[in-house]
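K.L.:
Chains B and D, in that order, give the protein sequences.
Residues in the first sequence are numbered from 2 upward in steps of one, following this note's numbering.
Residues in the second sequence are numbered from -1 upward in steps of one, following this note's numbering.
Since the hints were derived computationally from the structure, they do not count as laboratory data.
Any given hint might turn out to be false.
As the list claims (entries may be wrong) - Simulated pairs of lysine-lysine, DSS-like, Cα-Cα distance not exceeding 27 Å: (1) 83(D) <-> 164(D); (2) 389(B) <-> 356(B); (3) 45(B) <-> 164(D); (4) 389(B) <-> 409(B); (5) 83(D) <-> 45(B); (6) 292(B) <-> 355(B).
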Amino acid sequence: MSWSEIQPLLFQGFWDTLYMVGWSTLVALVGGLPIGVLLVLTDKGGMLQNAPVNKVVGAIVNVGRSLPFIILLIALIPFTRFVVGQSVGSTAAIVPLAIGAIPFFARLVETAVREVDRGLVEAVQAMGGSTPTVVFKALLPQALPSLVAGLTTTVIVLIGYSAMAGTVGGGGLGSVAVQYGYQRFETSVMVATVVALIVIVTAVQIIGDAVVRLLAANRGAAAADGGAGKRLARLGRGRTVAVAAAVVVPLALIGYGIGTGGDDKDTLKVAASPTPHAEILEYVEKHLAEKEGLKLEVRKFNDYVVPNTATESGEVDANFFQHKPYLDDFNKKNDTHIVPVVNVELEPLGLYSKKVHKLADLGPGDTVAVPNDSTNEGRALHLLADHKLIELKPGAGPEATLGDIADKKGLDFRELEAAAVPRALDDVDAAVVNGNYAVDARLNPAKDALAAEQAKGNPYANFLAVKDGNQDDPRVRKLAKLLNSPQVEKFIEDKYKGAIEPAFGPVGS
Amino acid sequence: MITTKGLTKVYRTRDREVTALDGVDLHVPEGEVFGVVGQSGAGKSSLIRCINLLERPTSGTVTVDGQELTALAGNGKRAGKELRKARGRIGMVFQHFNLLSSRTVLGNVELPLEILGHSGQERTRKAHELLDLVGLADKAKAHPAQLSGGQKQRVGIARALAGDPKVLLSDEATSALDPETTRSVLQLLRDLKEQLGLTVLLITHEMDVVKAVCDSAALMRAGRITESGTVPELLATPGSELARELFPVGGVPSADGRTVVDVTFHGETTTEPVISKLSRTYNVDISILGAAMDTVAGKQVGRMRIELPGSYEDNVVPIGFLREQGLTVEVAGAAGDTKEREAAGGLVGEGAK
């Protein structure tokens, strides 16, 4: 990709990251500060000594800190929807980010406040100061440099966490790096985003350190620090500057977010996987939608769960990323009511190899990588069985697993996440790769595949889907018509050169 | 001004109890500087913290300026409003100053005024006044980190005086200072006491502090007050440990068959040449084995150990003469006395706390 293509991605990712990190930092500050102070006050020998409160709060904080962020992200979806009214997008990503950061920051606050000399607490109490006086006049001001250092660390951790926000369509630099660099082999984008992330993290650290130095200098420790800190200290009251920065910076970021958070009732919001679904939709949006009076908003997801839950809850109006066996399974397991509208394209699963050039060369002792999710694995095993590489047990269904193989014919299997399979090609003798990942990995199903799925009558065609009842929404009907238009057929054929095939028409049951 | 009755403080940990105060009855008269001395672990620190209820006594009462503080509301570590108000009228000075490094010198002195609810202008005016009082008018804008130890303690004193207290508590206020600075800080305390009519309760392990500023003193041992009184009273008390610690005299008899006598000078007698009178009157040769003289509360006092030839029986008359002069005379069985002091001692060497 050229710089002119990378630049808008970087800018959008940069703003999304700042927006998510800014907000969640502010919430972590507001939430973590009192919790951290409470932990100190209620601890043994503290001013509000209270063992039960201390233990319960401490336990909650520990649970919060031990949950892997990705788990928190998914587990919090209902709560997120309750708080911000949606579970996808940058704003929705803020909720899990903030909840993840609160216990983290709370512990840093606890440590910082605990470092304050007990003698100062005693001195303020001896003056007749109440507990709030002690907290606000002694503990917090004295701990301020450590608190700023803790906040800096929290911001940096949040930048790291925000890379996972792509799971819920939150965007951000980290998610751009994963989406383009990891899944689509766009090394230039990945390098650019990683450099941008390094620059941001370094900048945050430098600013944080400078504020800490400024505060220290303001306390008369300037003699050891010398020059810069002292000069800065003279510019203004360090504490005021620090507090102002801590408040203004996130607020400024939030302001941006509010500006971009507009919601248009007429716009049809469609959740899609980045390739090829979002690309097809963007083609429709740019070249065909306006003529039909259709307003389209495309939201990209790396994940296969959230687009469906978001469609069910009405946060998006439709989605385009899945096929029938997957949807049926999803509806059953999640009690959702998503229905297909119209088939659009098929990404034929293909068998690829960098070691052998024809099927017959694969034999006993060779390793084959297959996707590890239930639908794709079954689909891959059926492809292998169709080409006599293995034999499946009689009655093995679409969700066949390695356990359903009757005869492996000496092959050795490696199960991997679908997106990671093309990366394994150098390490295995052959691999069954999804069409979209094959395209991303610069493989051409038409030319490179040793074996590929048939397009005709294939149940794995990807379709536009909506919540049951919305099939006849005029906007949905318009989009369905455009997706099956000759222009889109040509677009798919030209762009994907057979790697992805048009598969128009109604969805069979 | 300060009275405690049966003050007891027991610290309970999971598996044991430590009695820090064991029924302390203390009375500090108004306008006095009262020193409590004792080794570390004797309970001094608990005592001073129980006076303003930073530590809540297990039992007993504390009355300051006619107000029974132990009767005021306050549950455990949390102090009620009335108690906090009472604390505002008791100044406290700390060994390690306990100044906020986040505030300027002026800001530190303003802090208690903020708590008392003074307006901004009023606070600044009063804080400047107080800094002037302790001789730090020019350091108002400095931060504590830029001050010497003695200056920090002056700020601590200014801060303690912000609430116009009648009572000042001093918790080892000079223990972290060098001798020179200690003297100037003690002089300041003495001056402030005269100027403002303060009552000062100070705890210390340094006998020099008692000598320099105290009108009265008490000795604490294992949570109890074992001796208490004005400094002249203590000196006049035969066998007083405090007197011995204040004016330690050493020296062992030069030969067997001699009598060793400790003579304590206090009050008027200090200006009389008693020893030469004794020598002339009874024609005895007197050796001075050791002596310690000083000014306590403006009066010359001291102790001297002298040796008279012959046994005690031979010296009954000269000793009687000394007593007639108004001196406190103790006959020391030399060897036993030395042992006893070693057992009791250690006060002076406690500085490394």
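K.L.:
For a C-alpha distance cap of 27 Å, please report whether residue 389(B) and residue 409(B) respect it.
P.N.:
holds (10 Å)
K.L.:
Is the Cα-Cα distance between residue 45(B) and residue 164(D) 27 Å or less?
P.N.:
Cα-Cα ~34 Å, so violated.
K.L.:
Tell me if the straight-line CA distance from residue 389(B) to residue 356(B) falls inside 27 Å.
P.N.:
Given pair residue 389(B), residue 356(B) holds - Cα atoms ~19 Å apart, limit 27 Å.
K.L.:
Between residue 83(D) and residue 164(D), is the straight-line Cα distance small enough, at 27 Å or below?
P.N.:
holds (14 Å)
K.L.:
If you draw a straight line from the CA of residue 83(D) to the CA of residue 45(B), is it 27 Å or shorter?
P.N.:
holds (26 Å)
K.L.:
Would the pair residue 292(B) and residue 355(B) pass a check requiring their Cα atoms to be no farther apart than 27 Å?
P.N.:
violated (46 Å)
When the structure is compared with the earlier hints, violations turn up for hints 3 and 6 and for no others.
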